[in-house]
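K.L.:
Residue-level listing of the chains:
Number of protein chains: 2
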Amino acid sequence: MSKAFQNPKGTRDFYPEEMLRRRYIVEQWRAASVRHGFEEIDGPTFEHASLYTVKSGEGILSELFSFSREGGDDLYALRPEFTPTLARMYAQKAASLPKPVRWFCVPSFFRAEKPQRGRLREFFQWNCDVIGEGGFGEDAEVVGVLVGAMDEMGVGGRVRAHINNRAAMASLVNAMGVGADAVDSAFVLLDRREKLDDEALEAMAFEFGINDFGFLQFLKRPRRGGNPSVEIAVESTPEAAASEATAYARTLDEVAGALRNAGVGDRCVSDPDVVRGLAYYTGTVFEVLAEGERAVAGGGRYDNLIELFGGPPTPACGFGMGDVVLGNLLEDHGLFPSGNDLRDAIDRVVKSVSLRPEVFVVSGGEEHDPLVGPLMARLRRGVESESYRERGADAKPWDADRYDTSAGGVPPMHVRTTSKTTRNLKKLLQEAEKLGAKTAAIVHGPDKVQLKDLGARTDVGDFAIDSQTSNALGDVAYVGGAIAGR
Amino acid sequence: MSKAFQNPKGTRDFYPEEMLRRRYIVEQWRAASVRHGFEEIDGPTFEHASLYTVKSGEGILSELFSFSREGGDDLYALRPEFTPTLARMYAQKAASLPKPVRWFCVPSFFRAEKPQRGRLREFFQWNCDVIGEGGFGEDAEVVGVLVGAMDEMGVGGRVRAHINNRAAMASLVNAMGVGADAVDSAFVLLDRREKLDDEALEAMAFEFGINDFGFLQFLKRPRRGGNPSVEIAVESTPEAAASEATAYARTLDEVAGALRNAGVGDRCVSDPDVVRGLAYYTGTVFEVLAEGERAVAGGGRYDNLIELFGGPPTPACGFGMGDVVLGNLLEDHGLFPSGNDLRDAIDRVVKSVSLRPEVFVVSGGEEHDPLVGPLMARLRRGVESESYRERGADAKPWDADRYDTSAGGVPPMHVRTTSKTTRNLKKLLQEAEKLGAKTAAIVHGPDKVQLKDLGARTDVGDFAIDSQTSNALGDVAYVGGAIAGR
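Protein sequences appear in the order of chains H and P. For the first sequence, counting from 1, position 189 maps to 188 in numbering that gives the first Met the number 0; every step adds exactly one. For the second sequence, counting from 1, position 347 maps to 346 in numbering that gives the first Met the number 0; every step adds exactly one.
In case anyone wonders, no lab produced these hints; they're calculated from the structure. Any given hint might turn out to be false.
[What the hints assert, rightly or not] Cut-off 27 Å, straight-line C-alpha distance, at most; resulting in silico cross-link-like pairs (BS3-like, lysine-lysine): (1) P:K113 - H:K92; (2) H:K350 - P:K395; (3) H:K2 - P:K54; (4) H:K350 - P:K8; (5) P:K350 - H:K451; (6) P:K98 - H:K2; (7) P:K2 - H:K54; (8) P:K451 - H:K350; (9) P:K2 - H:K98; (10) H:K2 - P:K92; (11) H:K92 - P:K451; (12) P:K92 - H:K8; (13) P:K433 - H:K395; (14) H:K433 - P:K350.
Just chain H, same shape as in the assembly (with noise of 0.2 Å):
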């Protein structure tokens, strides 16, 4: 047959089964990115190429689909990722918007390179940012719509998130005897540590020019295998540098905190030896693995890129993860519905998108209530009905019955909070209405939160959380219950 009449090698023709599987997906990640509050964003298929070498340098437009019209001057190149469209378009506008943003998108983008199993020309990939704010928190927040979704597709309990910071490690890395030079390589020596024994890690090393027995040691602790713990790290860490090791400890820790605040502590390690191939990070990163160490997301923060793309020094932080690995993983656990239960699973999915605020949690007291986090993440998550849970293993995501409100279940709801600092009750109020809220959730105290149908304007009533146990899940369902139009 003519190759005229063939897709190109690499791409996918999406037939109505295939268009349904990739349905299947899009929904998934855009579901749990409107639940926590992210907005969808998308930008052109192709930018100017000098886009891209801004961040990559002149060596990436080997690795583009790269073109010009004819008899035009400009060379563009189809997407290969999103951070520089998302870098452009948040510089082009960061003085009018609000801060911050929080993002997301889920089209598809080409690499110029020979197609393998899990890598092809043309993927779909669904990307999250928060820009313009930033801390720990922001950084759980974007791990803890990852994990959303996972958990939705019925893989949250297969992958974990593994966590590390970057600064903190650099200067770890350093204490330890590695030039400020080196630090990339030195990351390059600790990505590979999986892949590579003690004797192969050495070489490498050497030919890297890193000789330093202190990080040489730190090199071959025991590895991940179960335990990719932070304590083993600081334990292996050079006596010298002990006081750095503490320091990054304590770093890993302060992320613990923000992640479990996030209702995602569970599902997250703190992994030293992730830190993510691209120099652009700053600060947390992390990656999403299967069983066998494939990863199935990534990303951290990168507070320097937004200024690189000509706007203001602005924080972020996000992630990527694409279509092919993930239905390579939902596949192989059998977590893919087919037939029937493919167009019931999406019919469910896009109709549990509501693209109002459900519930707009706020503090009713001190400014960051600590009940604030938990309470709004187990809102997002949602509650699985009695009759699911009993059905334990043979239970699959897209069941009737997951989260049906007859047998105690709540479904997941797309809940958002303020960015502001004030306290003032009447403003943040104000605020929720703006966004279309139809409840807001007012934490007094463990014992209080206020339900307000902010439609009507009238007290609903007030229920008690318990943010430690989940012996709270009937007020949960309560306030699920209690919110007009479900």
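Since the structure of chain H is provided, determine the placement of chain P on it from the hints.
P.N.:
Quick look at chain P alone, frame taken from chain H:
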């Protein structure tokens, strides 16, 4: 500012508000398609460039963004339209596909031309096609889904589908003295009639070498303005071509009958001037025109194309509609929601879709029961509630009560029927079950339509229809109310 930091000319950045507007249009397209029994597909964003020269010749290449992989031999091009991909995909699997397939897509396309109002370098376009079987019934189906979407968006009353038949028109023009090799030129003249006066038309005709008095007389007949009619065309046909004029009128009459049967007769006008520029159309052609003659969509039958792309001889009919022109039309009529209305409107549209058919309509007697088509059309259109209708021009398409079942409304439904010629009811119901249809409506006659719940395998009851008037609204509402799971 550096050019690298701006989106390429003719492309768009979709910030959250722009993205919501894009989704409103795309989700309306998707919902209308699904309701009418079309299944979503997609192809790669780029194809082998040679795929586009098959239909359009080498000249097309200068209008495309084309590129190669560094060091690679293959020339690729960003897709300028969907038809070549569609034809390729169908041809590759023709043997194993059901007949017909009803496919739609909503992706973006690219033109390497100077951007102007309504014509961008990257834009979204909705395509719907019925492939593998075809007559006027399938032509009408395709017009039906198009009109259905316009109705849902509230612009149905502001547009009309102008219908013609290219084969019948060619015979007529031929009979008026235009040689076979000049028919395309004659079509260009017909196409320009509304924009040129008689003198200019005549000059152009002479330039094309068309100087037959009969055709010139036909060309100068009264302009469309308000009344594009087959009658005037027939009256203006020279005596010598009277029998072809009658044949032409008869063909258009048959097309009109099929359109009435598909429930869109009142949205269509026959228009002898609509011939469509593209030479590959073989039969029925149509354009949806808004006030001021703006073309919003266009399409037609193209029975030779699949073969050209390596497939078997295959009838096919479809249309395309771009997002930019449609967006302008909605905006101009105050029919583009904004703010929280926009969010709610999107939520409502996506929630209205059921990927499994809600009703499978079959004839319980005659093979082609004349009641089946109008009943399907009515169920797909739904019934607006009393309160909504009472508000008249003040009612907006996204109002919450539009299809309120508690006020006599029925939401538009996903309705299908069989493509088989069998009258064996058991086989037909098996087909419905295989498709996952929730209910079946078996038409025994205007007074008896039997409704079956296919999940519970029980009879829900009988109802009556009246295909000529709207007296049966209550009965259709009954069907709507009876369908499980709504």
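K.L.:
Does each hint hold? Answer for all of them.
P.N.:
A quick look at each hint next to the structure:
no. : hint            : verdict
1   : P:K113 - H:K92  : holds, 26 Å
2   : H:K350 - P:K395 : holds, 22 Å
3   : H:K2 - P:K54    : holds, 15 Å
4   : H:K350 - P:K8   : violated, 36 Å
5   : P:K350 - H:K451 : holds, 26 Å
6   : P:K98 - H:K2    : holds, 26 Å
7   : P:K2 - H:K54    : holds, 15 Å
8   : P:K451 - H:K350 : holds, 26 Å
9   : P:K2 - H:K98    : holds, 26 Å
10  : H:K2 - P:K92    : holds, 15 Å
11  : H:K92 - P:K451  : violated, 56 Å
12  : P:K92 - H:K8    : holds, 18 Å
13  : P:K433 - H:K395 : holds, 22 Å
14  : H:K433 - P:K350 : holds, 24 Å
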